[in-house]
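Colleague: Residue-level listing of the chains:
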Amino acid sequence: MSTDLGTGRDLRTDDEPEAPTGKAVARIPWRHRLSRWDVRLSPYLYVSPFFVIFGIVGLFPLLYTFYVSFFDWELIDDNPTFIGLENYAILLADAQFWKTLVNTVSIFVLSSGPQIMMAVLLAALLNTRLRGPTGWRVGVLMPYVASLVAIGIIFANLFGPNYGLVNGILETIGLDRIDWQADRFSSHVAIAIMVNWRWTGYNALIVLAAMQAIPREILEAAVVDGAGAVRRFFSVTLPLLRPTLIFVVVTSTIGGLQIFTEPKLFDAMPGSNNGGSTNQFQTITLYMYQTAFEREDLGYASAVAWVLFVIIILVALVNFLLTRRIATTGEGKR
Amino acid sequence: MTTQHVTRPPATPAGAPPRGGAAAPRRRRRLRTRPNLLAGALATLWLVVVAVPLYYMVASSLRERSEYLTAHPLSPPMSPTLENYQTVIEGGFLRYLVNNVVVTAATVGLVVALAVPAAYAIARSESRLVQRGFTLLLAGLAIPAQATIIPVYLMITRMNLYDSLTAIVLPTAAFALPVATLVLANSLRDVPKELYEAQAIDGAGSFRVLRHLVLPLARPAIVTISIFTALTAWNGFIFPLVLTQSEETRVLTLGLWNFQGQFGTNFPALLAAVTLSALPIFVLYLIGRRFLLSGLTAGFGK
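If you read the sequences in order, they're chains A and B. Residue 475 in the numbering used here sits at position 286 of the first sequence, with consecutive numbering throughout. Residue 284 in the numbering used here sits at position 283 of the second sequence, with consecutive numbering throughout.
Derived from the structure by calculation, the hints contain no laboratory data. Keep in mind the model is a prediction, meaning the values are calculated, not measured.
FRET-style restraints, in silico, Cβ to Cβ:
1. B:Thr-136 / A:Val-412: 35 to 43 Å
2. A:Phe-423 / B:Asn-267: 48 to 56 Å
3. A:Leu-506 / B:Pro-193: 32 to 40 Å
4. A:Gly-363 / B:Val-50: 18 to 26 Å
5. B:Phe-208 / A:Val-291: 52 to 60 Å
6. B:Leu-137 / A:Thr-270: 29 to 37 Å
What the simulated footprint calls covered on chain B by chain A, stretch by stretch (three residues with Cβ under 8 Å from a Cβ of chain A suffice, anywhere in the stretch; the number is not a length):
7. 39-45
8. 68-76
9. 176-183
10. 238-252
11. 267-279
If you want the ones that stay clear, here's a sample from chain A, every Cβ over 12 Å from chain B, calculated:
12. Ala-278
13. Ile-362
14. Asp-365
15. Phe-374
16. Ser-424
Where a beta carbon is used, it is the ideal one built from N, C-alpha and C, also for glycine.
The shape of chain A in the complex, shown without the other chains (with noise of 0.2 Å):
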């Protein structure tokens, strides 16, 4: 490799010496390119080793999902036998599969609301002059250095029925005991809790980067303007902070969608992957690890896999589409 990035950056910027942008580099014509194709082989050399372990673990396993989905494949299985879209077709008669649907999107709609109202407020609190900034931020990141391994254990024990500190608390109020792993609907809350204590300093501290981010003569005129502090939150804050909080939403649907820790750990049969005795807690990816690893259908745990993925595609995409939209229309305005 005789050429490299350096050089070639260094050519182009001899030849061209009008060219500070990216895009007067794009109209450099193509036979121009030609000539110095040894200089472009650097980068690929670069690039390449991690588009190998990427694609092999990344890209082509979600591929491969799909082609098993179509076989009915055991766990220790040879000669697998095609079965074409059977998995499908017995996929959406199964019972089982839509209730875990239903409670993958009861859990997701419990934490994600919450969690982002909670972390726009907490941003605005942190983003008022208190004392020590850094500690402020490092107390409340703090839940997410820990391990969901670590932080299922912990909540399964606060929301236990006989000793937990939840039940004790209720109690101490006036109010009834909650068999919290019992319940289909108090289930769903307490994981839903797990799972805003985790992520919403998180996605707070994202939310006040942004909040920060806003050029201070926008604020300054709002107050000129007579706008008080509350109006000038929902009136200039939170409209700018609207790519941000898509942003939060996106990811919060992809991770939120495919929750799996938390239901396994909450379950008081350590080890079971039933999500409760009738299943009330049951998420997609915990029914899809059961059918792989446990009932050893890797074919059907596939099509359940690739429904899943299809879904949070689909969610993913939408949140997109409406965060370019949004992100234009916040330039605009500024």
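Please build the complex by placing chain B on the supplied structure of chain A, with the hints as guidance.
Modeller: Only chain B this time, still in chain A's reference frame:
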């Protein structure tokens, strides 16, 4: 999005707003001149919510088993004991810890080794293919790891890697790579192009540029992605769960999960194990908090 990456903006983001820098507090001071007690109180409330489960974890792990059943969960331990920690350490905890350190170190090493050259190429090359690849990489951010677990399992077994630490490292690194490369590429874009040109005039080859310019300049970003990757690897659960089996290859998260069944109702011992497992990562977090906080927003918002 694509055009944004192909047509690169000038190397120094003159219009980039200061983020959490010196300008921010000044702005706030102009708007509000008195300390905001209400905001402080509410923010403190959230910190209490954050702290209670962590306090519960540590306090319970120091209790005797009989005390755990009778005492109020939030009272301080009556006679603090390290007995639970002893139980945990005798239960094979140290082996899990060593496995975890190995997996984390190998994953971070692999991610840095692959992401740095890739990010350098993405930030500096005009090649259309490299930029297309970068768009593909962004799509990789959306691939849910859980949905690909079955083929990952099949591949690992076919490669005869099942039940080895390598089996955990490879997929963990692969799913950490997109974010790491994105963060690094963004930080390398901010390097003034004059620096690269100066190196080229000195006759430096691209490898020398990588070693003497890119590596030193990207050091904060490298620390950031290392911490993020270390967090992911340290806390990973589904890959170890699916890809390993025996006690020799058990990592901490699996060990904890195993303790949950093994200790049954011995919650103090279980919480001692949880505390021990979280301790190293909390220490790492406190040391590297500056890089972690800046890395949160490095991936987007430019």
